[in-house]
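Number of protein chains: 2
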Amino acid sequence: MNEFDLIAKLTKSLPTNSSVIATAGDDCAVLDSGQPGRYLLFKTDAVVEGIHFESGADPASVGHKALARCLSDIAAMAGRPIAALVTIALPKTFDVDYVQKIYHGMDALARRYNVAIVGGETTTNPERMLISISLLGDVASDKCAMRSGAKAGDALFVTGDLGGSIAEKHLQFEPRINEAHWLMENFSLHAMIDLSDGLAGDLRHILSASKVGAEIRAASIPVSRAAKLHAKLKPNGKTPLIAALSDGEDFELLFALPSKDAVELLDRWKQQFPQTRLTCIGKITATPGLKIRDQHGVRELNIHGYAHFS
Amino acid sequence: MNEFDLIAKLTKSLPTNSSVIATAGDDCAVLDSGQPGRYLLFKTDAVVEGIHFESGADPASVGHKALARCLSDIAAMAGRPIAALVTIALPKTFDVDYVQKIYHGMDALARRYNVAIVGGETTTNPERMLISISLLGDVASDKCAMRSGAKAGDALFVTGDLGGSIAEKHLQFEPRINEAHWLMENFSLHAMIDLSDGLAGDLRHILSASKVGAEIRAASIPVSRAAKLHAKLKPNGKTPLIAALSDGEDFELLFALPSKDAVELLDRWKQQFPQTRLTCIGKITATPGLKIRDQHGVRELNIHGYAHFS
Numbered sequence: 145m146n147e148f149d150l151i152a153k154l155t156k157s158l159p160t161n162s163s164v165i166a167t168a169g170d171d172c173a174v175l176d177s178g179q180p181g182r183y184l185l186f187k188t189d190a191v192v193e194g195i196h197f198e199s200g201a202d203p204a205s206v207g208h209k210a211l212a213r214c215l216s217d218i219a220a221m222a223g224r225p226i227a228a229l230v231t232i233a234l235p236k237t238f239d240v241d242y243v244q245k246i247y248h249g250m251d252a253l254a255r256r257y258n259v260a261i262v263g264g265e266t267t268t269n270p271e272r273m274l275i276s277i278s279l280l281g282d283v284a285s286d287k288c289a290m291r292s293g294a295k296a297g298d299a300l301f302v303t304g305d306l307g308g309s310i311a312e313k314h315l316q317f318e319p320r321i322n323e324a325h326w327l328m329e330n331f332s333l334h335a336m337i338d339l340s341d342g343l344a345g346d347l348r349h350i351l352s353a354s355k356v357g358a359e360i361r362a363a364s365i366p367v368s369r370a371a372k373l374h375a376k377l378k379p380n381g382k383t384p385l386i387a388a389l390s391d392g393e394d395f396e397l398l399f400a401l402p403s404k405d406a407v408e409l410l411d412r413w414k415q416q417f418p419q420t421r422l423t424c425i426g427k428i429t430a431t432p433g434l435k436i437r438d439q440h441g442v443r444e445l446n447i448h449g450y451a452h453f454s
Numbered sequence: 145m146n147e148f149d150l151i152a153k154l155t156k157s158l159p160t161n162s163s164v165i166a167t168a169g170d171d172c173a174v175l176d177s178g179q180p181g182r183y184l185l186f187k188t189d190a191v192v193e194g195i196h197f198e199s200g201a202d203p204a205s206v207g208h209k210a211l212a213r214c215l216s217d218i219a220a221m222a223g224r225p226i227a228a229l230v231t232i233a234l235p236k237t238f239d240v241d242y243v244q245k246i247y248h249g250m251d252a253l254a255r256r257y258n259v260a261i262v263g264g265e266t267t268t269n270p271e272r273m274l275i276s277i278s279l280l281g282d283v284a285s286d287k288c289a290m291r292s293g294a295k296a297g298d299a300l301f302v303t304g305d306l307g308g309s310i311a312e313k314h315l316q317f318e319p320r321i322n323e324a325h326w327l328m329e330n331f332s333l334h335a336m337i338d339l340s341d342g343l344a345g346d347l348r349h350i351l352s353a354s355k356v357g358a359e360i361r362a363a364s365i366p367v368s369r370a371a372k373l374h375a376k377l378k379p380n381g382k383t384p385l386i387a388a389l390s391d392g393e394d395f396e397l398l399f400a401l402p403s404k405d406a407v408e409l410l411d412r413w414k415q416q417f418p419q420t421r422l423t424c425i426g427k428i429t430a431t432p433g434l435k436i437r438d439q440h441g442v443r444e445l446n447i448h449g450y451a452h453f454s
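Just so you know, the sequences run in chain order A and B. First residue of the first sequence: 145, per this note's numbering; consecutive thereafter. First residue of the second sequence: 145, per this note's numbering; consecutive thereafter.
Since the hints were derived computationally from the structure, they do not count as laboratory data. Mixed in with the good hints, there may be bad ones.
[Unchecked claim] Derived lysine-lysine pairs resembling PhoX-like cross-links, with alpha carbons at most 25 Å apart:
{"#": "1", "chain 1": "B", "residue 1": "K153", "chain 2": "A", "residue 2": "K236"}
{"#": "2", "chain 1": "B", "residue 1": "K236", "chain 2": "A", "residue 2": "K156"}
{"#": "3", "chain 1": "B", "residue 1": "K236", "chain 2": "A", "residue 2": "K236"}
{"#": "4", "chain 1": "B", "residue 1": "K295", "chain 2": "B", "residue 2": "K427"}
{"#": "5", "chain 1": "A", "residue 1": "K295", "chain 2": "A", "residue 2": "K427"}
{"#": "6", "chain 1": "A", "residue 1": "K382", "chain 2": "A", "residue 2": "K435"}
{"#": "7", "chain 1": "B", "residue 1": "K156", "chain 2": "A", "residue 2": "K236"}
{"#": "8", "chain 1": "A", "residue 1": "K355", "chain 2": "A", "residue 2": "K287"}
{"#": "9", "chain 1": "B", "residue 1": "K236", "chain 2": "A", "residue 2": "K153"}
{"#": "10", "chain 1": "B", "residue 1": "K245", "chain 2": "A", "residue 2": "K153"}
{"#": "11", "chain 1": "A", "residue 1": "K245", "chain 2": "B", "residue 2": "K156"}
{"#": "12", "chain 1": "B", "residue 1": "K153", "chain 2": "A", "residue 2": "K245"}
Build out the structure end to end from the sequences listed, making use of the hints.
Now the structure itself:
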């Protein structure tokens, strides 16, 4: 049983109440606390030593990554982060200096996006460090970017370059908070998600939530230098394109908007974020399923994203 | 370095912003999200296999405890829980049925207090299970019970019986949400905390936040049957009174209110919560320090509560 099967089983009939707008199925839970015009966003995410970061990894980067993962989910809803709680589970003996440097990495990122760190706890996990962060944010209720609004004919865009994140980017990526906010302020986004499990897997989340299909163009996928380099070094492994479609932890934004806005978006994006690539990778289709077009024609894309326990 | 020293070091200069009303130093973080008359409450808490529950413990009780600990902190602020996120870190091989029963225990408690479970994640922790819950709640901004408002002359009350929780109660306790809400609606509470680290330790948190002292009466401490039984079985261990003062995980409410209201409170409590003991254990004093009065007179109480890593 992989992560997604288990979650599906566990979350089949969870308790709900009148505050719930959207739940486990989106990047963040969305709650109506009674404040007119605003929704709360609520998200938690954990990183585990030996799984999400190597023992002895640069501690400031570990702290950065732990918080940045949650911020990326707030970005995916076009939200604004407010406050975080940090749980850090430590072996009985630990290096105080290392733990402090984790906090320094987290703090620096938090200050950049005006996130308050309002507590949490330290507890014991004898064999390895685990950091769990929960993040509270909010968003204008009419500007909340869900996964479920993609429409046939929409253009599909992705920020940045994809694949090979494990070489370096997964510890250093900048969450796309500012980009998401600008997109939502200036364009009519139909659906958005952040790429944590790989383009193919995460695009399928949009497709199933929106009850649509998609066709992407192989030649348009923005393959990262890291993915190309990795393929050169390990020529028998996956191709750069497969890496860009399936590697986890890109933490880029994938979104759908009306195709009539595509040209204006590309023009204005270049002015606004000259350092960051934005690519139209295909379109939303009425027919369900995920197809890819390459030099041989159009076929079903059978690659899935990264899943725990699989 | 124990848990409290480490937290003090880590939290010396955390990032803050204009939403923060109270932070790590109280039972929950308190946030002003802009909603008139309401504050948000934000709390996280983790339980670890082999630390907070034994391997093979009744799974529904494990789920109950994981959520109840957070609810107890919302109770300590006289708040209302809204929604929870559940992170469950599992070894590579795990018993799906056991994990489902953990959820059943959590779900039953959540439904009782109208808490929505709005997501979370499963991740990997190879050697042992870890459950981290974050809880969002709210409270009327003029009725939020902090630790910092106790005044000299206030009467000190505690709900329930204390000590020996490890025998059974720590897996089964009912968070005092309803009691706290009733207290806040009907009386002018000056300060409140839930007992997680032991009466002596947690009372010191109120005293230092309120910049006051306290004198408690040994004969008034409501010692639990479990603490008495444990002392009989292990006569060379701690006395029942020491257990009631220092054992962790009672999850009862400790609060201070004007002594003129004490008699009315005791009368009305008996009507409202006939199954639950309420005890006046002493008073707040202007002189700092924690004193205990017994048959030999008054002396400094040197017992501390439970601390991790100590």
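Hint check results:
1. K153(B) <-> K236(A): holds (17 Å)
2. K236(B) <-> K156(A): holds (22 Å)
3. K236(B) <-> K236(A): holds (23 Å)
4. K295(B) <-> K427(B): holds (9 Å)
5. K295(A) <-> K427(A): holds (9 Å)
6. K382(A) <-> K435(A): Given pair K382(A), K435(A) holds - Cα atoms ~19 Å apart, limit 25 Å.
7. K156(B) <-> K236(A): holds (22 Å)
8. K355(A) <-> K287(A): At roughly 21 Å apart (the allowed maximum being 25 Å), K287(A) and K355(A) satisfy the hint.
9. K236(B) <-> K153(A): holds (17 Å)
10. K245(B) <-> K153(A): holds (12 Å)
11. K245(A) <-> K156(B): Holds. K245(A) to K156(B) sits at ~13 Å (cutoff 25 Å).
12. K153(B) <-> K245(A): holds (12 Å)
Checked against the numbered hints given earlier, this structure breaks none of them.
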